[in-house]
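Student: If you're matching them up, the sequences are chains A and B in order. All residue numbers for the first sequence refer to the numbering used here, where the first residue is 1 and numbers rise by one. All residue numbers for the second sequence refer to the numbering used here, where the first residue is 1 and numbers rise by one.
Taking lysine to aspartate or glutamate and the EDC-like style, the derived pairs with C-alpha atoms no more than 16 angstroms apart in a straight line are:
(1) B:K56 to A:E412
(2) B:K56 to A:E413
(3) A:K409 to B:E93
(4) B:K137 to B:E152
(5) B:K56 to B:E75
(6) B:K9 to B:D70
(7) A:K442 to B:D101
(8) A:K457 to A:E426
It is worth saying that the hints were derived from the structure and are not from the lab. As the structure is a prediction and not an experimental result, all values here were calculated from the model.
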Amino acid sequence: MAKNMPEIEEYKYGFHDRDVSVFRSGKGLTREVVEEISKMKEEPQWMLDYRLKALEHFYERPMPQWGGDLSELNFDEIVYYVKPSERQGRTWDEVPDEIKQTFDKLGIPEAEQKYLAGVSAQYESEVVYHSLKEDLEELGIVFKDTDTALKENEELFKEYFGKVIPATDNKFAALNSAVWSGGSFIYVPKGVQTSTPLQAYFRINSENMGQFERTLIIVDEGASVHYVEGCTAPVYTTNSLHSAVVEIFVKKDAYCRYTTIQNWANNVYNLVTKRATCDANATMEWIDGNIGSKLTMKYPAVLLKGEGARGMTLSIALAGKGQLQDAGAKMHHLAPNTSSSIVSKSISKHGGKVSYRGLVHFGRKATGARSNIECDTLIMDNESTSDTIPYNEINNDNISLEHEAKVSKVSEEQLFYLMSRGLSEEEATEMIVMGFIEPFTKELPMEYAVEMNRLIKFEMEGSIG
Amino acid sequence: MAGSTLEIKNLHVSIEDKEILKGVDLTIKGGEFHAVMGPNGTGKSTLASAIMGHPKYEITEGSVLLDGEDVLEMEVDERARAGLFLAMQYPSEISGVTTSDFLRSSMNARRGEGNEISLMNFIKEMDNVLDYLEIDKNMAQRYLNEGFSGGEKKRNEILQLMLLKPEIAILDEIDSGLDIDALKVVSKGINKLRDENFGCLIITHYQRLLNYITPDKVHVMMQGRVVKSGGPELAQRLESEGYEWIKEELGIEDETIEQNA
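Turn these sequences into a full structure, and let the hints steer you where they fit.
Tutor: So, in structure tokens, the structure goes:
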């Protein structure tokens, strides 16, 4: 049987180009670094004040003692800001060739040629290429990198920035608030519906560089948007940190779906705070795929504040050797007749560990609220493990909560059945795994589904025996 | 040469150190339909699974050859690609994998790299067989065996059989749990394959199936061995008289493996 385990096989996107950055802050996090970042970006005073206050909180806040092991994460070894080139590429022609080549390897230009509405590809810390199709502009949709939005849409920005995830929320939200750079800013005006997803690619390309992007999405009343981001990162020997903050406001009757596929190299700490707030009858959907990284701690949350609001999290996590995926979801039912659904699919292999950690909260006003949680784990071998850690807080008698957890292995009978039709053990295993994550991949836009399947196939190589 | 030959010689098979088959001899040639009959617990299904290579079964003695090639040295998938097929009594459910995707992958595995079937031809071929077996076309888009009724699962096995076109097929209780209409359809499918290049080993508990598929040879299994062989008339006699007369004739008190171990 296939025993050629590609343990030390090079990470697929493990190429890295010559560093073309123009400015990088030194290693370590000081007040001066934060001041320098803000100055480089020519930010208003209030943002500098905000950053410095966040930095104070970051210093004061102890490291979290739950989830994964963060003891090897050394904040002094991280570069907090890298500006890849002096100015921002408005058109594709203006983007430096070297950066284009990196995008080429990631297949971004082709992706854009298709039905992308707008591509905002983040190379290192800042958005260098950002296009927005005219039809989106005509609809009045604002889709730009967060730095530019601060300059050009300051009033709107200030009204929402930090309002659903305050800098004091947790240590890593504080860190992001102090040193954030890049990310996407989206505003969809009242009643505007877009069927084509808005997309952005992210990539870490500099050793020891933290990526602290900040995304802010506002979907006004009755509007609808689907935002997609995919991430890949190259292999480095020392630890990288990715600590993003994503804030989303879904107004009355509005709809937002946020799709992420993250494929970090296995030395990246991926510590992300994502939270959305939903007004009456609004819908928020997190579609969240976590592959790779050394440690992921991520629990997309929805605050269901308005009557009839709906929240959904559909996630997959895959952990291989030396990896911990500590992921889950949070649903806060704060109004009557709110509903939520959490589907968590996880795969562990080669001694990897996956944990579902979730919170479902029913507040006193949540009469008639419902939540449905489903956790499925597929364990590929005897060294790999999984945990399910659900927290429920119920302050109202009139609610309904269902929780189903299932742990399975690829069964001998299934393999025998598929192999008896001529599929090799590897093909059969792959088919079973693909089937397991199908409820996730079928929710992805076509090219992401293809990429996702490719990544999983790649990850599953050598998982047999 | 017309068709393949599957030779089973002195086959001994154990599960967890308990011997189930105690020396089975059978030869199936292209063009021949063999029926293996016998009461429950006499080793019929073990024979089927062991030939296909189920990992639960350990071959302790004997040989299985396909056109002279040692089948026991092959992995399960290699056996399939060499031309063996097992229609299972309890096919597995594979969530998230559509029947049609699975069928196409299996056909391509059998055809080999560089010789894959085109999507158009695949759909045409599949649709033809679906029609022939009176299967609702929606089944192709349903997840493999998931939520299928017993009858649907059995029809799906025959669908696979007809698309994969093996040299030698083993049908393990393909008739169990089928109503008369389904039984007729399933039989129609199997009979359609009958030609000099196709050999078939039909394992069944009841003679009923053999009203629709006439075997060339009938074998009776007891205590993990083939104890009696004959023509179609043997099946008729079993239908009318049961198995008692064979037990008396051979001096067998308990035909199962359990008591004999």
